[in-house]
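Now for the letters of each chain:
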Amino acid sequence: MIEKIHHVGVAVRNLEEALRFYRDVLGLPVHKQATVEEQGVKAALLTIGQSEIELLEPLGPETAVGRFLERRGEGLHHLCFQTDDIDAELADLKAKGVELVDQQPRLGLAGRICFLHPRASRGVLVELAQPVE
Amino acid sequence: MAKKEPRLQLKRIDHVAIVTEDLNDAERLWERNLGLKAEASSKVTDEGLQAVRLPIGDAFLELVQPLSGQGRFAGQLRERGEGLFSLAIEVDDLGAAIAYLRDRGITVSNAEADTLSGLKIARINHASSHGVPIELIERK
Numbered sequence: 001m002i003e004k005i006h007h008v009g010v011a012v013r014n015l016e017e018a019l020r021f022y023r024d025v026l027g028l029p030v031h032k033q034a035t036v037e038e039q040g041v042k043a044a045l046l047t048i049g050q051s052e053i054e055l056l057e058p059l060g061p062e063t064a065v066g067r068f069l070e071r072r073g074e075g076l077h078h079l080c081f082q083t084d085d086i087d088a089e090l091a092d093l094k095a096k097g098v099e100l101v102d103q104q105p106r107l108g109l110a111g112r113i114c115f116l117h118p119r120a121s122r123g124v125l126v127e128l129a130q131p132v133e
Numbered sequence: 001m002a003k004k005e006p007r008l009q010l011k012r013i014d015h016v017a018i019v020t021e022d023l024n025d026a027e028r029l030w031e032r033n034l035g036l037k038a039e040a041s042s043k044v045t046d047e048g049l050q051a052v053r054l055p056i057g058d059a060f061l062e063l064v065q066p067l068s069g070q071g072r073f074a075g076q077l078r079e080r081g082e083g084l085f086s087l088a089i090e091v092d093d094l095g096a097a098i099a100y101l102r103d104r105g106i107t108v109s110n111a112e113a114d115t116l117s118g119l120k121i122a123r124i125n126h127a128s129s130h131g132v133p134i135e136l137i138e139r140k
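So the protein sequences, as listed, match chains A and B.
With the numbering used here applied, the first sequence covers 1 to 133.
With the numbering used here applied, the second sequence covers 1 to 140.
Isolated chain A, as found in the complex:
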């Protein structure tokens, strides 16, 4: 079951500069910060209510977020929903023939995650996440 918005992903050119606004001006606490090599990003998750804002700086121009920045500039990148059972969710999506980026869940900053193809949601890149302890 989809429970809530886990986070809203934002592509930025420079994480430290973006933190100066989101952390220092807006006052949102940084919950987690990490470099995720396989996804080609330096990321920070900031808590807001029951959800988070995820700032993503690409590690290079050839990464997915790097190409997004090149094409569209900084801004809203993806929307992540929290599920209590990502395996069941993914099986259900496959059964319905929904176009996916990930055929299997993988480990990301938000837990076990997978991405749907933006074509499946009329231009919105959707991520599902099942947090792991």
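Treat each hint with caution, since some may be false.
Some, not all, of what chain A presents toward chain B, calculated at C-beta under 10 Å [claimed, not checked]:
#1 V10
#2 R13
#3 H77
Note that these hints are calculated values from the structure, not bench results.
Cβ atoms here follow ideal geometry from the backbone N, Cα and C, with glycine treated the same way.
Go by the hints and put chain B onto chain A.
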């Protein structure tokens, strides 16, 4: 004793706005993919926007289809296509939030009534927020 620094009290993500060329199809896809359902049938505003809300947790997605070529939503469709549009964040006191941000050099609009909800909102200039159109919204 040192005076406590005032802080901006952001309560939660209120909603995420998504712009689409085909509201019916977008609504169908969100329900098919994730089981998100509209809380009521879509509404058309005076500004020529057709919109529907999909509640999720303590927030909602707002799917918006502009019915004319005018306005911010139509502009995004032309320039960037369908997709994520803006992020709305609830605050307790909109006036205090605007003053707080302006004190820190952030460009924020004056409070106004939102065309879709009728609630008091203010917009943070997206140059300050790294490309994200952020709306602050007061619900009480």
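Against the structure, test the hints numbered earlier, and report the numbers of the ones violated in rising order. Every hint satisfied by this model.
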